[in-house]
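*Asks:* These are the residues of each chain, in order.
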Amino acid sequence: MTLTATSFDWVRALVHKESAIVLQPGKEYLVEARLLPIARQMGIADVSSFVDSVRTRPNPDHNRQIVEALTTNETSWFRDGDPFTALTSTVMPALLAARGPNERLQIWSAASSSGQEPYTIAMLLEDSLPGASTRVSITATDLSRQMVARTRAGRFSQLEVNRGLPATMLVRHFTRVGTEWEVAPTLRRMVTASECNLAAPLPRMGPFDVVYLRNVLIYFDLPTKQAILRRVRDLMRPDGWLFLGAAETTLGVDDTWERVVIGRSSAYRPLKGA
Amino acid sequence: MSSTDTGERRRSGEARPVITELIDEATVQSIADDAWTALVGEDEFLVPIAGEFPGDVLSSWVDVVGPWTGTVVLTTGRETAAGLTRALLGDHAPAELEDEDIADAFGEIANVVGGNVKAALPGPSALSLPDVGHAPAVRNPADVCRLEVLWRGEALSISVQGALPALPVPHQH
Amino acid sequence: MRALVIDDSRAMRRIVSGTLEDLGFEVNQAGDGQQGLEVLTGGWVPELVTVDWNMPVMDGLQFVAAVRANPAWRAMTIMMVTSESEHTQIVRALAAGAHEYVIKPFTADALRDKLALLGLLPQEVAL
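In the order they appear, the protein sequences are chains A, B and C.
Per the numbering used here, residue 1 is the first one in the first sequence, and the count goes up by one each step.
Per the numbering used here, residue 1001 is the first one in the second sequence, and the count goes up by one each step.
Per the numbering used here, residue 2001 is the first one in the third sequence, and the count goes up by one each step.
Everything labelled a hint here was simulated from the structure, so no lab data went into it.
Glycine included, C-beta positions come from ideal geometry on N, C-alpha and C.
Accuracy of the hints is not assured; some may be wrong.
Far from chain B, some chain A residues (derived; all Cβ distances over 12 Å) [stated by the list, open to error]:
1) 36
2) 37
3) 80
4) 231
With a straight-line cut-off of 25 Å between C-alpha atoms, the simulated DMTMM-like cross-links for lysine to aspartate or glutamate are [as the list claims (entries may be wrong)]:
5) A/27 <-> B/1043
6) A/27 <-> A/221
7) A/27 <-> A/61
8) A/272 <-> A/239
9) A/272 <-> A/234
10) A/27 <-> B/1148
11) A/272 <-> A/254
12) A/17 <-> A/46
13) A/27 <-> C/2109
14) A/27 <-> B/1044
15) A/27 <-> A/234
16) A/27 <-> A/46
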């Protein structure tokens, strides 16, 4: 049986409520593909029957599984590489000059998925900054408990290391463990991973010198976008740097940010006195 | 069970590992899953259920030579191998598939699965070029890791099987 | 831009060539390292070569070494596309002069990501 309109609408409402992510009509196939494995695990043959059973017997764990299955997507390592180039070319030199030699720099990878972004940052810093592991700490957060566990483990499948990770970095920073590749312990120690829902009040963290909040805002409606940007700003140092996805901007959303062009990418910095 | 003794005396320290000590079915399945997702199609699943093989089957295989020596063999019905070839080639599939197209594509799948099996085993090992036809015989039933799955409802097996005869049972003195 | 795709599997050549053609490459194919060298010595010198490792006649590693021995081909980018996936094998290929390494199985997106890293894609496609 294919997904009924009622089931799809219920899933859309749930996902929007829990994550503020909007599933457009036409994404029925995505709901089917992502929820079928969960339904089967529970011994239910099709997605509509599974959704019906969760609707009639509400269970927060099942709700969460549904939201997690629908809000994760494939990431590649140097996804849209310019924000990483900007980190080593401009942002790190500026921060190192502004901070004392014993001050630890804090970087936040918000919506870190299975860990490609925080470990990309860790690898870049390890390769370009002497003593990076003692000077920088990286906080990785994601909505999904499963993704946080994966980031902590620092293990990636063959298909995942194939996605935009330079081969020289693969052989320098990873070892093979069975069919997977594991990030070097030094890099794993730089990264702390925890669960965090950006659409809800944030836990006490930071203050952050650099925040990567990429390809997240696009999923949210305008009021949620504004609330997230405000909360992120509250966790940043006044001279911090925010990177958004290539298709995202604070312009027209929240005017308390200044856009700074760095090479081919842009960063946003809190406006003074705003 | 009798075994073929090569006449060599082996000390216990020289015992060859058998495949079941090195890899399990779940690992072979995850390797095959990745190969299917990437090459055959994003929505292609291998369901871990044993199916009925038709009379007309085709195998493709590659040899792994190293600390463990053996063969990674894929076997499925000839029609299913043709279906795999079409799925693999996608838009580039010719209207009429020739035996050579099927041998080539099915052999390449064995190469991809075999290469990744090899990498999960202790190395260094060498990988042979793929071969297609009747599956090579199992030499040592204790040295086999066999996975049976369904692809689009059709039976398919992946057998990681040692190429060497069983070691003689050590004599007690 | 031009690309030479070297693989002994016709199916794999079609897959890699198809992806590269979709990205705007003009593609030529060869079935082993020796045939690949013949294309190059014949004067068709592309910006990119993708090469398998295990092939009859001349394997991919020998091909990479042969290309690197000829200074006239220095500007050519070489990407290995192979099911050889041990750490040591990747190190050997890079040491021999390959620029990038794609492990089979791979998706079209994976090829595109690697080309973006190598600067062989127009920026707007690299998203």
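*Asks:* Please go over all the hints and tell whether each is borne out by the structure.
*Replies:* A quick look at each hint next to the structure:
1. 36: Check fails; 9 Å does not lie beyond 12 Å.
2. 37: The claim is violated: residue 37 of chain A sits with its nearest Cβ about 9 Å from chain B, within 12 Å.
3. 80: holds, 22 Å
4. 231: holds, 35 Å
5. A/27 <-> B/1043: Roughly 15 Å between the alpha carbons, so the hint for residue 27 of chain A and residue 1043 of chain B holds.
6. A/27 <-> A/221: Since the Cα atoms of residue 27 of chain A and residue 221 of chain A sit roughly 17 Å apart, the hinted pair holds (cutoff 25 Å).
7. A/27 <-> A/61: With a Cα-Cα distance of about 23 Å, the restraint between residue 27 of chain A and residue 61 of chain A holds, given a limit of 25 Å.
8. A/272 <-> A/239: Roughly 9 Å separates the two Cα atoms, so the pair holds.
9. A/272 <-> A/234: holds, 13 Å
10. A/27 <-> B/1148: violated, 33 Å
11. A/272 <-> A/254: Given pair residue 272 of chain A, residue 254 of chain A holds - Cα atoms ~14 Å apart, limit 25 Å.
12. A/17 <-> A/46: holds, 24 Å
13. A/27 <-> C/2109: holds, 21 Å
14. A/27 <-> B/1044: Holds. Residue 27 of chain A to residue 1044 of chain B sits at ~19 Å (cutoff 25 Å).
15. A/27 <-> A/234: Distance ~34 Å between residue 27 of chain A and residue 234 of chain A Cα, so the pair is violated.
16. A/27 <-> A/46: holds, 17 Å
Going through the hint list in order, the structure does not satisfy hints 1, 2, 10 and 15.
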